[in-house]
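Trainee: Residues per chain, in single letters:
2 protein chains.
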Amino acid sequence: MSSNSREAILAAAKRMAQAHGYNGLNFRDLSDEVGIKSASIYYHFPSKADLGAAVARRYWEDTASALESMLAETPDPARCLGRYPEVFRKALAMGNRMCLCSFMAAEYDDLPEAVKREVQAFADVNVAWLRKLLSAAAVVNAGGSEQRARAIFAAVAGAQLIARSHSDIALYDSLIEAYRAAGLMPA
Amino acid sequence: MSSNSREAILAAAKRMAQAHGYNGLNFRDLSDEVGIKSASIYYHFPSKADLGAAVARRYWEDTASALESMLAETPDPARCLGRYPEVFRKALAMGNRMCLCSFMAAEYDDLPEAVKREVQAFADVNVAWLRKLLSAAAVVNAGGSEQRARAIFAAVAGAQLIARSHSDIALYDSLIEAYRAAGLMPA
DNA sequence: ACACCTCTACCTATCAGGTGGTAGGCAAAG
DNA sequence: CTTTGCCTACCACCTGATAGGTAGAGGTGT
Chain A
1 MSSNSREAIL
11 AAAKRMAQAH
21 GYNGLNFRDL
31 SDEVGIKSAS
41 IYYHFPSKAD
51 LGAAVARRYW
61 EDTASALESM
71 LAETPDPARC
81 LGRYPEVFRK
91 ALAMGNRMCL
101 CSFMAAEYDD
111 LPEAVKREVQ
121 AFADVNVAWL
131 RKLLSAAAVV
141 NAGGSEQRAR
151 AIFAAVAGAQ
161 LIARSHSDIA
171 LYDSLIEAYR
181 AAGLMPA
Chain B
1 MSSNSREAIL
11 AAAKRMAQAH
21 GYNGLNFRDL
31 SDEVGIKSAS
41 IYYHFPSKAD
51 LGAAVARRYW
61 EDTASALESM
71 LAETPDPARC
81 LGRYPEVFRK
91 ALAMGNRMCL
101 CSFMAAEYDD
111 LPEAVKREVQ
121 AFADVNVAWL
131 RKLLSAAAVV
141 NAGGSEQRAR
151 AIFAAVAGAQ
161 LIARSHSDIA
171 LYDSLIEAYR
181 AAGLMPA
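If you're matching them up, the sequences are chains A and B in order. Note that our numbering has the first sequence beginning at 1, numbered continuously upward. Note that our numbering has the second sequence beginning at 1, numbered continuously upward.
Worth flagging that the hints you see were computed from the coordinates, not collected in a lab. You can trust all of the hints, since none of them are fake.
Where chain B lies over chain A, by a calculated footprint (3+ residues, C-beta under 8 Å):
id, segment
1, 20-32
2, 108-115
3, 118-124
4, 147-153
5, 169-180
Quick caveat: nothing in here was measured; it's all calculated off a predicted structure. Each residue gets a CB set at the ideal place from its N, CA and C atoms; glycine is no exception.
Work the whole structure out from these sequences, hints included.
Mentor: Laid out in structure tokens, this is it:
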């Protein structure tokens, strides 16, 4: 049963880390939001590093399944590729938040080793998915698909970063549109 | 006459903020690096917010003059535009650091108001410079130059973010090359 | 020449509040 | 009577910030 609290902690920690980063994530505020005492978090996670790693892992797992759902829903590779920015748009729409792993990418040097690994995994998941669809859509030749996949991932992350610093989700849409107009990614 | 310490503090704070963000910038480590006591910083800057704003202001001023120097050195708009990524490359080359304002863009919601303004100014300086050169190079028609300028700025910031999280400056170069191959920016 | 003053650029010592983390207790469920 | 899931009560350490002192440089009046 339960581990209901564990899930609640993960969810709240995800939201907080998306807004304030790993560094800005703290046990007091986190436990307040969950409705338990800060010491109780240690029953579910032995340390902040473990919590951070669990949150980041859950984050890329959720992203991976969201991408797979999207592909099932929109099987055409080029059209599905065009929907990729939706994934990053959600965070901005939910209170001007960021992709958890983009924030952690900035904080990378100060991250515990276990957290670093999960942040890397997030990037790998995204690039692998993009590469698969790029190859299927024949947008670029096979050799350049890896490079193009990474470029799309980086560009979308950059768009989110800039849009956030302007608290303007319309700017995100505008940037994505500009990427499309430039030919970086399909519409 | 000095204010030699003031400059030393600004320089050290810039380096620390590039590596750890505004949140990760602290007076103890900062004063240690400068070689004075933490309380002495308050003689030069009344608060952390003031220091942060001064550092960010100096940062975009330096960037603005670096961009102008580059233009004087490479007057051809398209060729100069192609050199734009050099500016962001430097931070990665200096100990896998980030653009100060990209890091602060992630932390945006938690930033003091005075610091936010300087971060915005950095983005404005970059976009204005890019727009000027895009128009001059006739890469895009006049109407789309603003949008394209923002797209290049965001994409380069994203490339730096991703490269940093892999501690791999070659990845940055590869991403920029991919942007060029896709037609987002001139070589 | 001397004493006197003021300003600069730091220092020591301290503080309240926040940080991650630990020890030990306790009520309910099995 | 043991395990689960949480609690209270701490702790050491770090954070930005303040109060008050001080050594030295440079100017001023006598």
